[in-house]
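Given these sequences and hints, build the entire structure.
Residue 205 in this note's numbering sits at position 171 of the sequence shown, and the numbers go up by one each step.
The set of hints was computed from the structure by calculation and includes no laboratory data. Keep in mind that the hints are not guaranteed to be accurate.
[Unchecked claim] EDC-like, lysine to aspartate or glutamate: derived pairs with alpha carbons at most 16 angstroms apart: (1) K166 to D314; (2) K91 to E189; (3) K91 to E190.
[As the list claims (entries may be wrong)] Using C-beta positions, here's what the derived DEER-type ranges look like: (4) F184 to L65: 24 to 34 angstroms; (5) D124 to Q316: 44 to 54 angstroms; (6) L326 to G300: 23 to 33 angstroms; (7) N344 to E190: 41 to 51 angstroms; (8) K132 to Y171: 48 to 58 angstroms; (9) A135 to L326: 25 to 35 angstroms; (10) L115 to L86: 18 to 28 angstroms; (11) L80 to A319: 37 to 47 angstroms; (12) L299 to S143: 19 to 29 angstroms; (13) A319 to L181: 17 to 27 angstroms.
Note that the structure is a prediction, hence the values are computed from the model and not measured. Quick reminder that beta carbons are idealized off the backbone N, C-alpha and C, glycines included.
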Amino acid sequence: MENEDFNINNEQPDPDKRIAPRISPTAAAYLGLISVFIFYQFGGSLLTLLILGTDIKNADVMAVRLLTTAGQILFILLPALIFAKTIYEDVTEILRVKTPAISHMVLFSIGLVLLSVILQSYLYIQNYVIIKLAEVYPFVEQAKSVLDKFDKLVEESYSNLLTYNSAFEAVLIVIVVAIIPAVCEESFFRGYVQSSFGFKLKPFKAALLTGIFFGIYHFNPYQVLPLIVLGVYFGFAAYKTNSIFVPMFLHFLNNFLAVLMSFTLGKEEISTPVTVSFNDFQISAFTFIGFLIPFILILYFTNRLISKSNLSVVESNNTDSD
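What follows is the structure in structure tokens.
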């Protein structure tokens, strides 16, 4: 059962024989990616302009939240369901609609908490290096200036979404920022796209490619690599458990923790660090290494546990058939 491991060398494409795609699965994946990009970026922008006008910055925050939710459902989740039904017919199989084991959910959640600390430490290391390079190379300084402006726009939009004045608003923020994106984005990326790539690519490559698009689609310049890593981790969880509910929960947990930190510690705690001292760099480097080791161990343990569990199921089925 070597092919149960998430391994670049041993893994083989694992298409579900019960699903007969009407077009090339790879073409189906790219069709979905291109369509959702157009729908969400341009369709969502058009919808926002029609309802809120051009003064988005001063628009009613409640209306922005509702439009954000509508955009996720109409331009990400709905296309995923339509493409899955049209191209594969069996939506539940292609989207991995299957109840996961609680133990698997817990192990992946522990891994996510460790990974979150690692990625936050990486951001400090990355930005320290960028700042130092910008002090030496003018072209890096120019690129950094452009990225800083774009990053500020992204953070301002999130800051408005995370502002609350009542318990009702706080609950609504959790729904808009944590629950809705988890359901919509995971159904599309780890459900439709990764499953489509998985027909022709090895599981690792399918998860990696899906994770790359996941990171790029968020349009967050400084956090693109951490987002890609998160996407690959979600893809690993989806493949190993064959359940979309695991990456959905992980996605929710990741966003919920960010919202919780914003509520309790302030919005600056979840924003990209603008200035990083050498002391911050050292602490981040030690934290990165210190949490990377237990993360690798929990990843290895989770992988082996699920592989053995899957092997037991196969052996049990073979015994029953005999």
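Status of each hint after checking the structure:
1. A threshold of 16 angstroms between alpha carbons decides the hint, and for K166 with D314 the separation of about 14 angstroms falls inside it, so the pair holds.
2. The hinted pair formed by K91 and E189 meets the criterion: a straight-line CA distance of about 12 angstroms does not exceed 16 angstroms.
3. A C-alpha spacing of about 9 angstroms is found between K91 and E190, which places the hinted pair at or below 16 angstroms, so the restraint holds.
4. For F184 and L65, the Cβ-Cβ distance of about 28 angstroms falls inside the hinted range of 24 to 34 angstroms, so the restraint holds.
5. Range check, D124 to Q316: Cβ separation about 53 angstroms, and the 44 to 54 angstroms hint holds.
6. Between L326 and G300 the beta carbons are some 27 angstroms apart, a value that agrees with the proposed interval 23 to 33 angstroms.
7. Evaluation of the 41 to 51 angstroms hint for N344 and E190 yields a pass: the beta carbon distance comes to about 46 angstroms.
8. Take K132 and Y171: their Cβ atoms lie about 50 angstroms apart, and the range 48 to 58 angstroms holds.
9. Range check, A135 to L326: Cβ separation about 26 angstroms, and the 25 to 35 angstroms hint holds.
10. Taking 18 to 28 angstroms as the suggested C-beta distance range, the pair L115 and L86 conforms, at roughly 27 angstroms.
11. Distance hint check: the CB atoms of L80 and A319 are about 45 angstroms apart, consistent with the given range 37 to 47 angstroms.
12. For the pair L299 and S143, the beta carbons lie near 21 angstroms from each other, so the given range of 19 to 29 angstroms is met.
13. Taken as a hint, the range 17 to 27 angstroms holds for the pair A319 and L181, whose Cβ atoms sit roughly 22 angstroms apart.
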